[in-house]
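Number of protein chains: 2
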Amino acid sequence: MRFTSEQRLDDGVLERAFTLGDVPGILWTPASASEPAPLILLGHPGGLRKMHPRLAARARHSATEHGYASAAIELPGGGDRPRLETAEQARADLRRALEAGEPVSDDIVDRLVLPLVEKGVPEWQATLDALLSLPEIGGPVGFSGGVIAIGVRLAVVEPRISAAVLFAGSYVPRVTFEDARQVTIPLHVMLQWDDEGNDRQAALDLFDAFGSKEKTLHANMGGHTGVPQFEGEAAARFFTRHLS
Amino acid sequence: MRFTSEQRLDDGVLERAFTLGDVPGILWTPASASEPAPLILLGHPGGLRKMHPRLAARARHSATEHGYASAAIELPGGGDRPRLETAEQARADLRRALEAGEPVSDDIVDRLVLPLVEKGVPEWQATLDALLSLPEIGGPVGFSGGVIAIGVRLAVVEPRISAAVLFAGSYVPRVTFEDARQVTIPLHVMLQWDDEGNDRQAALDLFDAFGSKEKTLHANMGGHTGVPQFEGEAAARFFTRHLS
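Residue numbers (our numbering), protein chains in the order written: chain A, -15 to 228; chain B, -15 to 228.
In case anyone wonders, no lab produced these hints; they're calculated from the structure. Note that the structure is a prediction, hence the values are computed from the model and not measured. Be aware that one or more of the hints could be misleading.
The list cannot tell twin chains apart, which means a pair is met if one copy fits it or any two copies do.
[Said to hold, decoys possible] Taking lysine to aspartate or glutamate pairs in the EDC-like style, the calculated list, with each CA pair at most 20 Å apart, reads:
1. 103 <-> 69
2. 34 <-> 90
3. 197 <-> 180
4. 103 <-> 215
5. 103 <-> 198
6. 34 <-> 86
7. 197 <-> 178
8. 197 <-> 113
9. 103 <-> 120
10. 103 <-> 189
11. 34 <-> 142
12. 34 <-> 198
13. 34 <-> 49
14. 34 <-> 162
15. 197 <-> 120
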């Protein structure tokens, strides 16, 4: 892990850009920590530069209010990273299906999302290795948001993740339902009830499939980007219960 | 409204038993209020005496933490009130159906629940008239819990109710789905995902039917009585947003 820039923000939070191999990322750490901080891995839909303002706002809130560190990495194929050919082809097929008003087939979803899972999950794990070796970061570790199939797979394969906030707002490959049954960590799942690009029943089926004893679903009105502000606070309280 | 007993509890909350006609009830008001308090109407499944400890705990928390008054009245046919013959007959039919492993018919649900709605809703409205005439109570008014068909009907017909917390844990008559479309106040709906005595799909359909622009569903694991403690706090925050 190589830090490439460093900036002390006006609330005292330290924001550092890094690269790990060819994966760029950002780390936010609290102004002052008497002991190693818990860590939240911030998922996102890809395009770290575009997502930066929203991710930074969440990270700074977590740092100043709760003393948590946060980190985000670029998604495979996202931002300036090399395109993933299979996923690009699937994205074109998806666009054609949506424009034609046709249902989005399982095959398109698999080709669109599985490359992200297969490449992205080990990248998150390598990032976790590097972050947890820093003296200012101690865990426990939570995962929040982003591509739900990545969050679910991480929850299965990565024992260092203690709790996850998942956003049922992206396509769900079939294998993710199988992954879901193996998840045992506490989950907080958000669903936008009228999300145009999201299959509500698939989201409810996925929630049902999770093996976790503690899982909570929060459904709200409105579309993909209409998550009410109070849900940010609810997710923060979930992490407070499980990371503090 | 006639107060029949009065007790100052050790947290300063004033608990008063009352009768309104032949309906017994309980009112809890904060220790000291500089201005008329908001009011929460506490629904329950019937049997005020048995429910008293749980209702009192919620009311005292609302009073000491938020400065709210709370009130509960006995359900028609509940506690020492005269039985409702139709509902009693339906309850026997329900028991037979459950013991025989048969589905609970819409007809049984209608006969079980509609008498409670038809008698209970005007009783809540008369109680509201009486409570809002007290100088220490000012509103706004929230409704919380109890028989969901009563809460939904009240939300439709009673403009003095500003927000409602509903528990999707009781049988839903068909007419309640029609009522639901007319509801426009903010709703916070709780659902126990594995509630044995509750039809999950009916609960999701009812949530979908509500006409409110702000409605949130919180689903958690476990059975009817397994609502996690943090959901009590989430409901309190919902009221804080809408009654304060």
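Now for the hints, and whether the structure bears them out:
1. 103 <-> 69: within (13 Å within a copy, 65 Å between copies)
2. 34 <-> 90: neither (29 Å within a copy, 52 Å between copies)
3. 197 <-> 180: between (30 Å within a copy, 16 Å between copies)
4. 103 <-> 215: neither (30 Å within a copy, 37 Å between copies)
5. 103 <-> 198: neither (29 Å within a copy, 38 Å between copies)
6. 34 <-> 86: Answer is neither; intra-copy 30 Å and inter-copy 56 Å both fail.
7. 197 <-> 178: between (27 Å within a copy, 11 Å between copies)
8. 197 <-> 113: Intra 27 Å, inter 44 Å, cutoff 20 Å: neither.
9. 103 <-> 120: Neither way: residue 103 and residue 120 sit 27 Å apart in one copy and 63 Å across, limit 20 Å.
10. 103 <-> 189: Neither. Shortest intra-copy (26 Å) and inter-copy (38 Å) distances fail the 20 Å Cα cut-off.
11. 34 <-> 142: neither (28 Å within a copy, 47 Å between copies)
12. 34 <-> 198: neither (33 Å within a copy, 29 Å between copies)
13. 34 <-> 49: Intra 24 Å, inter 41 Å, cutoff 20 Å: neither.
14. 34 <-> 162: neither (32 Å within a copy, 44 Å between copies)
15. 197 <-> 120: Answer is neither; intra-copy 31 Å and inter-copy 44 Å both fail.
Violated hints, listed in ascending order, are 2, 4, 5, 6, 8, 9, 10, 11, 12, 13, 14, 15; each of the other numbered hints is respected by the structure.
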